[in-house]
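Single-letter residue listing:
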Amino acid sequence: MTLLRIENLSASYGVSQALFGVDLQMRQGEVTALMGRNGMGKTTTVKAICRTIRSEGTLVLDGQDLHVLASHKVARKGVGLVPEGRRCFADLTVRENLIAAARPGDWTLRRVTELFPRLGERQGQRAASLSGGEQQMLAIGRALMTNPRLLILDEATEGLAPIVRQEIWAALHRLKQETNVAILLIDKSLKELAGVSDKAVILERGRTVWSGVMADVTQDISERYVGV
Amino acid sequence: MRLDEKYLNGLMIAGLLALPLWAVMADQPFTITLVTRAVILALAAVGLNIVLGIGGMVSFGHAVFFGIGGYAMGILAFHAQTYTALELGLFTTDGTKFMPVIWLVAMITSGLVAFFIGLLSLRTSGVYFIMITLAFGQMFFYFAISWAQYGGEDGLSIYVRNDFPGLNTLIPIQFYAICFTLLCVVLFLFARLQASPFGLALNAARQAGTRVETVGLNPMRLKLLAFVISGAITGLAGALFADLNRFVSPTMFSWQLSGELIVLIIIGGVGRLMGPVIGACVFVALEHFLGELTDFWHVYLGVILLCIVLFGRGGLIGLLTGKEGAHV
Numbered sequence: 212m213t214l215l216r217i218e219n220l221s222a223s224y225g226v227s228q229a230l231f232g233v234d235l236q237m238r239q240g241e242v243t244a245l246m247g248r249n250g251m252g253k254t255t256t257v258k259a260i261c262r263t264i265r266s267e268g269t270l271v272l273d274g275q276d277l278h279v280l281a282s283h284k285v286a287r288k289g290v291g292l293v294p295e296g297r298r299c300f301a302d303l304t305v306r307e308n309l310i311a312a313a314r315p316g317d318w319t320l321r322r323v324t325e326l327f328p329r330l331g332e333r334q335g336q337r338a339a340s341l342s343g344g345e346q347q348m349l350a351i352g353r354a355l356m357t358n359p360r361l362l363i364l365d366e367a368t369e370g371l372a373p374i375v376r377q378e379i380w381a382a383l384h385r386l387k388q389e390t391n392v393a394i395l396l397i398d399k400s401l402k403e404l405a406g407v408s409d410k411a412v413i414l415e416r417g418r419t420v421w422s423g424v425m426a427d428v429t430q431d432i433s434e435r436y437v438g439v
Numbered sequence: 171m172r173l174d175e176k177y178l179n180g181l182m183i184a185g186l187l188a189l190p191l192w193a194v195m196a197d198q199p200f201t202i203t204l205v206t207r208a209v210i211l212a213l214a215a216v217g218l219n220i221v222l223g224i225g226g227m228v229s230f231g232h233a234v235f236f237g238i239g240g241y242a243m244g245i246l247a248f249h250a251q252t253y254t255a256l257e258l259g260l261f262t263t264d265g266t267k268f269m270p271v272i273w274l275v276a277m278i279t280s281g282l283v284a285f286f287i288g289l290l291s292l293r294t295s296g297v298y299f300i301m302i303t304l305a306f307g308q309m310f311f312y313f314a315i316s317w318a319q320y321g322g323e324d325g326l327s328i329y330v331r332n333d334f335p336g337l338n339t340l341i342p343i344q345f346y347a348i349c350f351t352l353l354c355v356v357l358f359l360f361a362r363l364q365a366s367p368f369g370l371a372l373n374a375a376r377q378a379g380t381r382v383e384t385v386g387l388n389p390m391r392l393k394l395l396a397f398v399i400s401g402a403i404t405g406l407a408g409a410l411f412a413d414l415n416r417f418v419s420p421t422m423f424s425w426q427l428s429g430e431l432i433v434l435i436i437i438g439g440v441g442r443l444m445g446p447v448i449g450a451c452v453f454v455a456l457e458h459f460l461g462e463l464t465d466f467w468h469v470y471l472g473v474i475l476l477c478i479v480l481f482g483r484g485g486l487i488g489l490l491t492g493k494e495g496a497h498v
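Protein chains in written order, with my numbering: chain G, 212 to 439; chain P, 171 to 498.
These are calculated hints, taken from the structure and not from any lab test. Ideal placement from N, C-alpha and C gives every residue a C-beta, glycine not left out. Treat the hints loosely; a few may be bogus.
[Unchecked claim] Where chain P lies over chain G, by a calculated footprint (3+ residues, C-beta under 8 Å):
1) 276 to 286
2) 310 to 322
3) 393 to 402
[Stated by the list, open to error] Take a look, some chain P residues computed to stay more than 12 Å from chain G by CB distance:
4) GLY265
5) THR266
6) GLN308
7) PHE334
8) GLN364
9) PHE368
10) THR380
11) THR384
12) MET390
13) LEU392
Whenever a hint applies, use it, and build me the whole structure from the sequences.
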């Protein structure tokens, strides 16, 4: 069953239009890579899904039109966002960051700290004092604590040390294997994306230009649209 | 020497217990009155600390709730003591001299007014929020001045302090015991609230409103609820303050009082559990001791405030504990 259906989505920042027709469909438990060069509308698409910017077109989550909902209600419907740049609540501790966002469901403090043992070790530490990788883990954990049906990760491994990136990719593989949550991934690492994603959607200049099974993303397509 | 904040908090509570007991033994009733005043101002500031310290909302109109609490006490006691009827639209009452009922009325009324003020003012932020809360404060101040039925500009005197079961509230130490107990209860609630998911979400909303929305929290609702709780607590303090002085007047609504409540918190430490308590004690001590020396004691208060803002951003608690913020 389709969880997220986006058709002909357009969005603007003031007078500057950023999305001209994005199409994207996701099923429960499916991992989709949202790809494209910088400035092609990936983050704007995420913002439109989360309703932090206005958009037009079809934007439906499990039969519910998201356009009629405020941003916090979209999150309550089951959209968990790990934003670009981590953006943890700096003055709160790790534990407090996780509790502040918690909603009833399978994901609890214990389960999140099992997924990311580093967070368990630093529960009493302020988010601002964590390393970049730990903050990223915290951002993912915080999104999981909302017990989402759709988890969106926007550049989750950007600027992190290779060993930390490995930990995060391993956690994403575990999420895919052990849960039924749909994951929308934006990342620059094509190799890692290919390893975990079922499907890929490629954007260019605010439009969907390619979508299909991840295994069908050939070197030619990748070089043409993603530049890798 | 750096003190652990928990020990410092314990010391403060011990001091607030020991000083009035010493005053009883030394037959210094005025000292008890001074400490009672500090405790009540601390209570009001603890209320403000919920919105200012946790929620980051600089309300420059919290005297509204302090005044409403005061007038709730004044009006109810006035009718009870003069045996006149208080007509409230559909029903009539004879007022009351019973403190718990007065507190309840003060808290409900303040909370309701806080709800409506919050509903309008929380749509703004920053300097606009400060200005709109100040404007509400001034509206209530001038309303009280023109409210001739309850004394207008001259205020309203209450002949006898209101009753509390089992205690003689006219004896300073017994009235102090009531105020101190209420302060302890509210401090306990503040600590629980700060550590609760609601308190954490409010804190998160202070740091980043848009970000909390993406985790499913409604910042407006969080802030409004905090504003209502805060207003109710400040209203309770206002009722006690009016009972302490047996007098209410429009000055309880004044912007100066709103400013003083903010100053108390800054002196003690914004968002700290005992920040308002230590701030209120310092404020009342300065007001008393420096006030005896000069009418311009506020100048010295200003210098202290300046030093704290420049050199000790965690307030006195921050200086004593070496921790600028609550989580550092």
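Violated hints - listed by number, lowest first: As far as the earlier hints go, 3, 8, 9, 10, 11, 12 and 13 are violated by this structure, in ascending order.
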